[in-house]
Amino acid sequence: MAAVRTTGEVALNRIAVVAVLIATLIFLAPIYWIASTAFKPKELAVTVPPTVLFQPEVTPFIRLFTKRVQMQKPVDPQVYEAAPWWEKRVYDGGERVLKVGNDVQLSQYPNRFMNSLIVAVISTVLAVGMGTFTAYGFSRFKMAGEADLLFFILSTRMLPPVVVAIPMFLMYRIVGLNDSHIGLIILYVAFNLSFSVWLMKGFMDEIPKEYEEAALVDGYTRMQAFFKIVLPEAATGIAATAVFCFITAWNEYAFALIMTNRRAQTAPPFIPSQIGSGLPDWTTIAAGTFLFLLPVAIFTFLLRNHLLRGMSFGAIRK
Amino acid sequence: MTQIELRGVQKFFGAVQVIKDLNLKISDNEFIVLLGQSGCGKTTTLRAIAGLETIDEGDILIDGKPVQHLKAADRDIAMVFQSFSLYPHMSVYENIAFPLRATRKSKAEIDSEVRSVAKTLQISDLLGKKPSALSGGDMQRVAIGRALVRRPKAMLMDEPIGALDAKLREEMRAEIKRLHIKQGSTTIYVTHDQIEAMSLADRIVIMHEGVLQQVGTPDEVYSRPANLFVAQFVGSPVMNVTDAAVAEKASSVSVTVGDAATGFEFPSTLLSKLNVHAGGGLALGIRPEGVLIRREAADGFMAVETQIVEPLGSFDIVDLKVGSNMLRARTKSGFISGPGEKVFARIDPTQAHFFDKASGKSLEVRL
Chain A
99 MAAVRTTGEV ALNRIAVVAV LIATLIFLAP IYWIASTAFK PKELAVTVPP TVLFQPEVTP
159 FIRLFTKRVQ MQKPVDPQVY EAAPWWEKRV YDGGERVLKV GNDVQLSQYP NRFMNSLIVA
219 VISTVLAVGM GTFTAYGFSR FKMAGEADLL FFILSTRMLP PVVVAIPMFL MYRIVGLNDS
279 HIGLIILYVA FNLSFSVWLM KGFMDEIPKE YEEAALVDGY TRMQAFFKIV LPEAATGIAA
339 TAVFCFITAW NEYAFALIMT NRRAQTAPPF IPSQIGSGLP DWTTIAAGTF LFLLPVAIFT
399 FLLRNHLLRG MSFGAIRK
Chain B
197 MTQIELRGVQ KFFGAVQVIK DLNLKISDNE FIVLLGQSGC GKTTTLRAIA GLETIDEGDI
257 LIDGKPVQHL KAADRDIAMV FQSFSLYPHM SVYENIAFPL RATRKSKAEI DSEVRSVAKT
317 LQISDLLGKK PSALSGGDMQ RVAIGRALVR RPKAMLMDEP IGALDAKLRE EMRAEIKRLH
377 IKQGSTTIYV THDQIEAMSL ADRIVIMHEG VLQQVGTPDE VYSRPANLFV AQFVGSPVMN
437 VTDAAVAEKA SSVSVTVGDA ATGFEFPSTL LSKLNVHAGG GLALGIRPEG VLIRREAADG
497 FMAVETQIVE PLGSFDIVDL KVGSNMLRAR TKSGFISGPG EKVFARIDPT QAHFFDKASG
557 KSLEVRL
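First to last, the protein sequences are chains A and B. Quick note, the first sequence lines up with residues 99 to 416 if you use the numbering used here. Quick note, the second sequence lines up with residues 197 to 563 if you use the numbering used here.
Honestly, the hints are just simulated from the structure, not real lab data. Small disclaimer: the values here were computed from a predicted structure and weren't measured. Backbone N, C-alpha and C fix where the C-beta goes; we use that ideal spot for every residue, glycine too. Certain hints may be false.
Said to hold, decoys possible - For lysine-lysine, the following DSS-like pairs were computed, each having C-alpha atoms within a straight-line distance of at most 30 Å:
1) B:K216 to A:K240
2) B:K301 to A:K326
3) B:K528 to B:K363
4) B:K445 to B:K553
Stated by the list, open to error - Okay, the calculated bits of chain B under chain A, using three or more residues with CB under 8 Å as the criterion:
5) 256-270
6) 319-326
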């Protein structure tokens, strides 16, 4: 880049950098709020003005993972002394950890978190996998009513999903799919598939068909050519599509709230349900939310290069 | 030993017929060039032979066996694409080894074959690189290597050097020819560049709008074009073609070009040869090197005026005004200094071609 930049361009560039910084701060503020609340002592969570400097502690996370009850009278000092450090933190808050015999009873959170993982991962794999095959078909073969079919697939996204939530719930109840992992997975796949097909079709169209033709002539079947040539070439597209599908499934709230209540309930409807009655324990909720943020953040970070390419996709014409 | 034969091949894309009743026999070790403008059906023909395109009618035979219902993978043919089609996620080594991996060959065998092909093409030092790190010429060498490594029955090349720049194209042309002489496999090569076709081919197949126009050696299609299309498509600068009228004179025949006042002198045998093909209008074709120019008047030469002069280095092309027509002549460089010169010209009867204007077919008159 040997281009000489004028003073005007330099000034414009600086303004742009400042604007991006401000935007970043605005976007990161809620995340900072949640993260800091997750490490705050309970009484500092709701101070006005907010406490910025404090001694961070992991007590909210201990509370998040354990079943507790409020104690009527102070804890016996001998019991307190014998307790491990993390249990003392709970006692300090005027609560005690529920136990069966000597086993600590875990809260529902790990369970709900696993449900979220299971549903999001499986539905993403299915949506992206089916989307990739479908997109390949649309991209490479001519068929009657191709445009209509593609439009039909897109049209499944034209209705806000919540509109069909109640009828879906009734149908699910009849076939026994409510409050089941498989039921939620089917819903999320159906919801993500159109997006996956359309995005992957764009990526597939960009892969020259000569690549497969070369493989076909070189003695491979179309299936082999697809797996050996097309899939590695489409890796970027698959990664970008997977991130978007995963985020959608991970964050989904409305269907999860209506369709599940115990066995298959995911984290998004579970976390707010813990606000409970009386004084809400914001630090514990923030701890749950903070942990819930991590998988998407890690997944997105790992695939960031693909994602950037996926988002700017279509902006550049060949 | 591979012969390829096309019998009555027809291909439609929707309502458009892109190959019309194509018949062609290619013998073992032959280097065939399919030549034509874009959209003439040459690439479709090649892809049909490769098995990447189905045909609607006719037979494609490889070594006498019909293969039109076989998949591309089962035809044992290799193809080099214009875009090279090197797999970007594989190294040069992996690219060349790829066709061998489809066979049940051992790792050691694959390795030795990849290395021997790389040696032939002088790309041994590139084996560890990714295609994106290669120059255009090297990419093409790798693509050719990938095609050669399997020792296929035949090699198909679809404008393999069309994407390279002019100088590199010339180098690669020579290299492909050398390679063919050394390896000697039946090769079908598609191009729209007639110089490439002339320099490489054992026989050239000229196609136009899905119809085969002429098959012949480079010399045959150049000096005996079968019709007006071939006459004007092959050769650079392009052959002069004008309407012509023939009149009998005392001891010779006069051929008038367009609306010119006087005609060019031809031997009287022309008349009897033309009489056989009585009917329709007549077109005269003459290549620029068949138009002879001199400065002094001489027997049989006609006075003409020069128009534009195009200096091309080793020779010049001069436009001569004959009536309202232009005849392009080839002269030594610098022979004509500029427009407006009065010179004398004649047409070399032995280099003249006569065509039936209505059908465009050559009348096969040779003087």
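Hint-by-hint comparison with the structure:
1. B:K216 to A:K240: Since the Cα atoms of K216 of chain B and K240 of chain A sit roughly 23 Å apart, the hinted pair holds (cutoff 30 Å).
2. B:K301 to A:K326: holds, 18 Å
3. B:K528 to B:K363: Roughly 25 Å between the alpha carbons, so the hint for K528 of chain B and K363 of chain B holds.
4. B:K445 to B:K553: holds, 24 Å
5. 256-270: With 3 residues in contact (Cβ-Cβ under 8 Å with chain A), the coverage given for the segment 256-270 of chain B holds.
6. 319-326: Since three or more residues must qualify, the claim that chain A covers the segment 319-326 of chain B is violated, with 0 doing so at under 8 Å.
Violated hint: 6 only; the structure is consistent with all others.
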